[in-house]
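These protein sequence lines map, in sequence, to chains U and Z.
If you count by the working numbering, then the first sequence holds residues 1 to 294, one letter each, in order.
If you count by the working numbering, then the second sequence holds residues 1 to 202, one letter each, in order.
None of these hints come from the bench; they were simulated from the model.
Positions of the beta carbon are idealized from the N, C-alpha and C atoms, including for glycine.
Here are the computed distance ranges between Cβ atoms for each label pair:
| # | chain 1 | residue 1 | chain 2 | residue 2 | range |
| --- | --- | --- | --- | --- | --- |
| 1 | U | 238 | Z | 112 | 54 to 62 Å |
| 2 | Z | 166 | U | 158 | 41 to 49 Å |
| 3 | Z | 199 | U | 40 | 43 to 51 Å |
| 4 | Z | 15 | U | 98 | 23 to 31 Å |
| 5 | Z | 37 | U | 86 | 27 to 35 Å |
| 6 | Z | 199 | U | 83 | 45 to 53 Å |
| 7 | U | 256 | Z | 15 | 50 to 58 Å |
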Amino acid sequence: MNAPAYNFAYLDEQTKRMIRRAILKAIAIPGYQVPFASREMPMPYGWGTGGVQVTAAILGPQDVLKVIDQGSDDTTNAISIRKFFGKTAGVATTTSTTDATVIQTRHRIPEAPLHAGQVLVYQVPIPEPLRFLEPRETETRRMHALAEYGLMHVKLYEDIARFGHIATSYAYPVKVNARYVMDPSPTPKFDNPKMDNCPALQLFGAGREKRIYAIPPHTDVVSLDFEDHPFTRYRFNAPCALCGAGDSYLDEIVTDDKGGRMFVCSDTDYCESRRLAGHRGSESAAPHKERAHG
Amino acid sequence: MTTVAELPAGFADKVLSAQSTFRSVMDAMARPGSAQRVTASVGAPAGMMRGAAAIALTLFDHDTPIWLDAAMSATPDVAKWLKFHASAPVVADSSIASFALVGDAKNLPTLDRFAFGSNEYPDKSTTLILQAESLTQGPTFEMKGPGIEGTALLQAMLQPRDLFQRLTINEALFPRGIDVVLVHDDLIVAIPRTTRLVASGA
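Chain Z with its partners taken away, still in its complex shape (with noise of 0.2 Å):
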């Protein structure tokens, strides 16, 4: 059992980390498809990517119910780091998180089980937080939409590997829907609701 001195640390610099980590993720959420670098230097616990980790750090706290796949509460670490970091409280119903970890994408629930928000209220929907194999190498994907210019190429090794054709639901939901940032290592990559896969190729 993991005490709370054993927790891998959290940002060295809570204030400024938090600051350049949430410029990332606002450049990748205004820019879809290309990849941003988190430069903060962060302790994660096992089975969480870096980038994750700080992500987790700069946008969780007590005001957002966080969901975990079965690969991020295999063990209760990631749980108690976030608890004992964030004061976030973990929930079994991913329909009311306002954002979902997910360690292993390939057994990424169905996305209804997440929140979508209502048609007044859109933003209360769940953040997917996907991590993935690779974010440079893999098959190309075409992207289109608010953000970008023409359009954005995205090499990716991703799971589930129907991840676009499932995130078409966010077309006939608009304005509800779901935003996805994927993350390997330190680079993340958004694909907020707005964004429509154009072609993808090997």
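If we strip away everything but chain U, and leave its shape as in the complex, we get (with noise of 0.2 Å):
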């Protein structure tokens, strides 16, 4: 009885006005961080808040919802933030990259081409990629205002100087539509070219540090970079152990204390379709397979 009932979507609408004209903004002026009042939610900062503030906000019953932590579709994370929506919006969820309409990601963007009216939403945990350079917000501000991003370009430098290469791995600052130096969030900077001319819309919450912004659809994003040291995409020189994909992300698996390893796709939907599509890497039994009772 008296089982508590929540608004569709969990947050209020009130909320959901104020979420909804930051993202109108946030698409507005590419790449430009736009502050809004971040909701408490039910979970812990660093488990999405952010994303999941903008999902409530832009979805509807309509929408197929698909949730990936670090490319996976069957981690802890991906599967409450999912369940959550399943709750209180009664959504439809997928794994499927292709049948999701509403994509909420952590760290990663799907290795199949994302298409137009699909909503990829990015959990954010600190959104200013000038913040390590410059503690102060008043002073990473104006520099946004500005334009004046030389300190980012030092900080490149730098790690050529040190490592004889740009060794900036993930969070890899981005450039859109030539104006805003941009974090594209964690995400390996091997994802960072699929965020250039995307079909779909790219939108990124950060709850703890109160900020959205967005890429709109076919926006330029330019990873930077120095005319004698171009940016790279990094990726391990191993086929995947499961499906054999030569082109995906791949994660590295410790297999047992004797240093055996094997490398799979970070992307579990990504895989699983070549799997089903008779794909096998190295690592793959055959499928099992069900035998009927006598």
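Can you join these two chains into the complex? Each is in its own frame, and there are hints to help.
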């Protein structure tokens, strides 16, 4: 009796209006971080409270939701957020990238190409790309206002001076629409090229830091680099041990205490659909077949 | 004098209508020049198109000062309706308005009467909601910018006739600027501050 009744998609309507206004301004000014009055959510900071609020503000009953955590549909964070919206909004959920209309992600962009009409919602821990270079918000605001991004190039240059190459491997800074330098959230830099001219709308929500920003579809997104040290993707030099993919981003999995390891696709949906299509890797056994009882 | 009981209704279904309207506005903003349809059933006061009324109920509340043009404030109905359904304060000073509702766009004041935002906070700008004569017929406008693959074509009867010319200040001001949402009946088209006119013709 008297089970707690939530508004559709958990958030109250005033909060949704406030977030929706922020999203519209974020789309109108690509890469600019719009402050918003982030709410306390029934999950701790760092579990995607920003992404969850953005998803809650855009989600409708017709939507099909996919949630991934480091590419995986099966981890705790992904499952609990999917269940959260299944419960509070009653939306259909899926693990298939192509079937989803809204994809909430923590730190990966799916391997399967996104299409128009999809919305990719990123969970962002620290939205300010300049934060570790300049701790004062008043200063970073001014740097963005003046498009004063020399400091970021100095940081990348220091990487080269110290390591011989740009060693930043995730949260690799990008310039959006030739104006704002933006933190793409801690996605591996392997995913950066997928943000450029993407047909889907990309929204970013940072709950603790109270910022929303966006990349409209078909927008120029350039990874910062130097002429003599151009941006490069990074991927382990191995095929996926389960599906044999030679083009996907790989996770390294330690399999014993004798140095044994294997590389598998980080995008579980991509890996599974490849295996369903008959692709096999070095570690994949023949598919299990049910035997009819005699 | 209209009493509250005589005011036109708002959304039939507050929550889901606001959601579907927002998605139309979001899609319009993300794909400038493309016409999106507002499907929610909504009541509207005289002088206000359905699309404009739906946007108002979706985005306006006590946090958003609203400026009304002469056509919208000709009768107190629109202000009353906004106050009752959205609790939105109607202000006389357009430079502090979050949204401007323009019923008769022919007499649109010069854009510098509205808020452009600051360089630090360019989001603190006025969004113009202009009611247009048509968003399917009329002169052609070819646009480019973020959200548009190549160029986008819009056929519309727009007032003021030099709207795009006026909006060229967005180029010089960026990231400050004015975002426009055009409404005709239940169709909406957005022209965010990043959109540039490539060509126009009859």
